[in-house]
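Trainee: Each chain, letter by letter, is given below.
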Amino acid sequence: MDTGVSTTPRRDELAISASGAEVRRASEWLSATCLQCDIPVAQAQRLEICLNEVLANVLAYGGSAALDAPIRLQLEVLCTAEAAQAHVTVSDAGVAFNPLMVKAPLRPDTLAEARPGGLGLVMIRRCSDWLDYRREGGHNHLTFGTRWIRA
Amino acid sequence: MSISFSDVGENLRKIVITGRLDIPGTDSVAAKLEALTAEPKKAVVVDLSSLRFLASIGIRSLITSAKAVQQRGGRMALVVGDNPSVRMSIEATGVGELIPVFKTAAEAERAAVA
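Same order as they appear, the protein sequences are chains A and B. So for the first sequence, this note's numbering puts the first residue at 1; every next one is plus one. So for the second sequence, this note's numbering puts the first residue at 1; every next one is plus one.
One chain only, chain B, in its complex shape (with noise of 0.2 angstroms):
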């Protein structure tokens, strides 16, 4: 399990997480999701494409993460590739209509800073 992080400039922060979103996984990098979503970019992009299962745990950390970057007046949107189990988790939820679902990073980028 791993949660990583760079900023693009002023405005950008790309978030990577690795491994698996269920109760362990979610419990160990929730914190620090967190507190790389409170500030201080305004738009955020959370990379997905390479974890191996996302639970509703996971998607709920997400959102509270979601809410809190629009809350400050940005964005958050997510990556999640060809990945078939991520993708399958978000769309049993439909958590893809509250924040927006992209198969590239670069596509995720420009809507996150629009």
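Bound conformation, chain A alone (with noise of 0.2 angstroms):
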């Protein structure tokens, strides 16, 4: 919802090294400035959901090249009288991987039925408001967002 009533956009910005040590360092900081920011614990932690499950995958499958460059995170938090929303761009040197071009697994109806693998995009997807992918610069940059209507 645009009121014409906006502040200065509010940027964060942290660089991890790939390891699940750093991904949690990563989640720290997300929660701490999200809490600095003033966002809702419920739309905070829908980010943070994706953004570990975004860091998962980069580990995993991103190769060798995002295994060896740092990992780039920018949080902005854009609000205006009535709205706000706030959004995690995440940049990796890995090898092009475009998670909005994935087909969504089919969800088993049993236990017996059910497979690892295929739940981070799926609570990527559901816990975010928006995706948006772009490959540049030999880099991909993923961002995910969630809106939220102000008090």
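Just so you know, the hints here were simulated from the structure itself, not pulled from any lab data. Do not take every clue at face value.
What the hints assert, rightly or not - Pair by pair, the computed Cβ-Cβ distance ranges are:
#	chain 1	residue 1	chain 2	residue 2	range
1	B	Ser-4	A	Pro-9	40 to 50 angstroms
2	A	Val-41	B	Ala-114	50 to 60 angstroms
3	B	Asp-7	A	Thr-8	57 to 67 angstroms
4	B	Glu-107	A	Val-95	38 to 48 angstroms
5	A	Val-95	B	Gly-9	45 to 55 angstroms
6	B	Ala-105	A	Arg-134	42 to 52 angstroms
7	A	Thr-8	B	Ser-6	51 to 61 angstroms
8	B	Ser-28	A	Arg-135	30 to 40 angstroms
9	A	Pro-116	B	Asp-7	23 to 33 angstroms
10	A	Arg-115	B	Arg-72	12 to 22 angstroms
11	B	Asn-11	A	Pro-9	18 to 28 angstroms
For each residue, glycine too, the CB sits at the ideal point set by N, CA and C.
Please assemble the complex out of the two chains, which come individually in their own frames, going by the hints.
Mentor: Okay, structure coming up:
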């Protein structure tokens, strides 16, 4: 919702290396920054889930190029008088991968049919209000965001 | 990150996981969870109500354990209490349709031993 009353966007950035411990550090950074920006808890949790799953995919499938280079994260928060949105862009040097082009896996009907894998993308799609992907300068840039009405 | 368990009678094992089931957290407890659910109790309750975060890697570990319990004729149930973060992860993946999820330990125990 654009009310025409915009505040200056707030941006915060972090660079991490590709490891599980660094994914946790990124998660803690996002959680703390969301708190500082007065992002509602539910929206912050959704962003945290998305961030963990995006980074897990980079670690698992990005290849050696992704593992050897920093992964850059940018949180941007935009507010108007009535509404707000926050989005995170994850930039990595791994092999090109556009999650928007991946078909959602079929949900199993029973536990016996359930197979490991594919849940990360399901969580990213369910927990974000929008996704955007671009390949630029040899990097993947994946953005996920959430919107909410301000009280 | 911690994982602990207690056995109740002949048939029920209660497992409590605290901390974060993200990549490092799951790496640190997955083998223990697998061992605790591999035998011998047929009813298993995993209490996630004090968990601070649940990522897909943690859910995969829970699914693997639930399948193992089911394959030996048992049933696994989850406890989430009033934990909104864990509930959000479970609802996002739909895993609650595969492994029964309850608010209280008592409800989960009744379902697991039924």
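Trainee: Hint compliance check: list the failing hint numbers for this structure, sorted ascending.
Mentor: 2, 11
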